[in-house]
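Participant: The residues making up each chain are set out below.
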Amino acid sequence: MILGVAASLVAHNPRIDWFGIAPEGTLVATAVAVLLLDLVMPRRDSWQTSRLASVGVLVSLGFVVALYERHGGTTPMFGGAYVVDNYAIALKGFFLVVAYVTILLAVDYIGEGDYYQGEFYFLLLTSVLGMTVMTSARDLITIFVALETISIPTYVLAGYRKHDRRSNEAALKYYLIGAISSAFMLYGMSLIYGVTNSTLLSDISDKVGQTGHGKVLAVAIFLSLIGFAFKVSAVPFHWWAPDTYEGAPTPVTAFLSVASKAGGFVAMLNIIFFGFSNRSNVWWVVAWLLAILSMTLGNLTALRQTNIVRMLAYSSIAQGGFMLVPFAAYGIARDHGHLSVAQTSFQAVVIYLLIYGAMNLGAFGCVIAVARRTRSADIEGYGGLFTTSPALTVCLSMFLASLTGIPPLAGWFAKFVMFRSAIDAGGWAGTSLAIVAGVNSVIAAYYYLNVVRTMWFKAPATEAGPVQVPSALGFSIALCTVLVLAIGVYPQLVGHIGDLAAKAASVATGS
Amino acid sequence: MTTFHAPPLAASVMTEYYRQYLAVAVFVGAALVMVGAMLGVGALLRPKRPQPEKYITYESGSDPFGTFGQQNVRYYVYALLFVIFDVETVFVFPWAVNADHSGLGWFGFGEIAVFVLILVAGLGYLWRKGLLSWA
Amino acid sequence: MALNQFLLLAAFLFAVGAYGVITRRHTVLVLASVELMLTAVNLNLVAFGAFNNDPVGQVFALFVLTIAAAEVGVGLAIVLLIYRNLRSSDPDDVDVLKG
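Protein chains in written order, with the numbering used here: chain A, 1 to 511; chain B, 1 to 135; chain C, 1 to 99.
These are calculated hints, taken from the structure and not from any lab test. Backbone N, C-alpha and C define an ideal beta-carbon position, used for all residues, glycine too. Keep in mind that the hints are not guaranteed to be accurate.
[Stated by the list, open to error] Incomplete in silico selection of chain C near chain B, CB under 10 Å:
1. V16
2. L62
3. A69
4. A70
5. G73
6. A77
Please put together the full structure from these sequences, using the hints given.
Facilitator: In structure tokens:
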């Protein structure tokens, strides 16, 4: 729909790189097919829709890989509003893998409850479509449409347990905050359009650099950033996240905390690096404050949680703070005139996103598996898990250790690139960022490792047999485990992707 | 995005544009005077005997019940359906206006066909789920 | 007519909407306030587009309009769902919302 209408507005001979949008096309076709298949299938066979959805995601992923193999250059479409470069390709791949793992996490959860199945996968695929579009969006309209395509299906997904009041509340809070933040963001965008007379980020970047309209631009940039801060649940715009994460079905929570959040960060990457680079004096303070507040408050509140899903919710707020550090670092460096930091900070965000996705999805996979037995998410219930299900315990311990940032696991590399960007930025602002991030890593270690301690050393709370892990769930946990280990031992794996992305971005920003 | 022609809006054009609204202003003024005169004369001449029944809302002779604002929820689905297809025209309309002379040709037709087909798939879904029948 | 008049009206609408979002307790009224904020955005976009002689503003406004409609559809569905659940949990309450 987006592409269709955008195309019809472009010039007489719209040149469309059909191969470039093949991943998105596949997702659209799959989503519609899933919805129609669900209609013709009898209710008891509707789990088949999950198969179709995962095949669609994998085909789309195949196109992404083929795109990577095809070329290294950028392909601007629709007058530069839609670009398929290495950065976009890398993140498209990431989102599709996340979508695949989410389907694996959800298939038993959704299949066993009394849920509509076809619609679940339809909504999931639509949201993923928005994410893949977002990676290529270089225009305010496209960014807005992609962001809403990501968000609107997730409002419904959050309330998927229709008869559970907590799920209702989760959906309502998420929805209201999403709608309000969109309104703020749009008001900011409308002012930016008014000042620069263009919605293309490249044009905006040029015009923002010229003097004049200082106050209007400051308000505009500030309002748009507030909109994104809501989406990525940065403190002080985070209060919806723990309630929504707790109330939503757990596979949806995993999806929200990884994919939806990453979608918000990709939007921020696009708009800050490609659009607002030349006005870093306006936004670096905002990014700096958001980063410091999110890290500190997220971690301190996570310390007090007794429910593991709520704990992971606050931890994901804190991790979001860590991801905001490179943004602030870039702004600081840009303000001081060091342009070289653009590369390292861009790379840091991309790498952090990829690694965070793997370890957080894995952790949620384990939580879903354990909840199948205990029917609750209390941390107390994890006591003695090692004696009953050792393999699962080892996996969950690994994910938590990786989230902490302990060296042989992927998380340390994410933290490493994040610290490097802050230190490269220099000055009192960069140094203070690095110090706060360091202190917070230590605080985070306490609550992550507390869960590990409970699992290994506490006596079991109840007499219960081992956790039965269905094959799809087991496979997804195994996949995340392999990724976390492989990246930790051989960080060049994502380092290379981050390099490619940053290079593509530096071509686009001209720095 | 240069093929989409908006009318030029020079200052003189804008004042000309607003001058056309002068007629509307005259109409509004005339309407106010006429209605005010009729009601005013009526109020002066008519006898005044207030009774409570006279203040009940007139609903074709039957007594009104309930309060304002409680509609059947079923209307929600229809309202939503209406909004969706109403908004669809927002996208089809610019295409239709430009279809024959802007060189969009079969390409544009294909694009809009895909757009409409996706909406039709949604409509088919609603139909199969029984949301179109009043039950 | 100056551009500023449109912008001031839009800013006023946006402020009224934001005030409504903060003060109203009823979800439907919050939604209405958000719509008011979006109206301000559309007014801004169309005014900028007209005064800069650029059609993109109008196109942007159309997208905002469409997506706001989709968003409100989902929002009302969620409100309705909650309303039903709360009603059903309270048998003393008159079941006015059948359907």
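Participant: Now look at each hint and say whether the structure bears it out.
Facilitator: How the hints compare with the structure:
1. With its C-beta approaching chain B no nearer than about 22 Å, V16 of chain C sits outside the 10 Å limit, and its interface hint is violated.
2. Restraint check, L62 of chain C versus chain B: the minimum CB separation of about 5 Å is within 10 Å; hint holds.
3. The criterion of a C-beta within 10 Å of any C-beta in chain B is met by A69 of chain C, whose closest approach is roughly 5 Å, and the hint holds.
4. About 8 Å separates the beta-carbon of A70 of chain C from the nearest beta-carbon of chain B, less than 10 Å, and the hint is met.
5. A cut of 10 Å between beta carbons decides the hint on G73 of chain C: the least distance to chain B is about 5 Å, and the hint holds.
6. With its C-beta approaching chain B no nearer than about 8 Å, A77 of chain C sits inside the 10 Å limit, and its interface hint holds.
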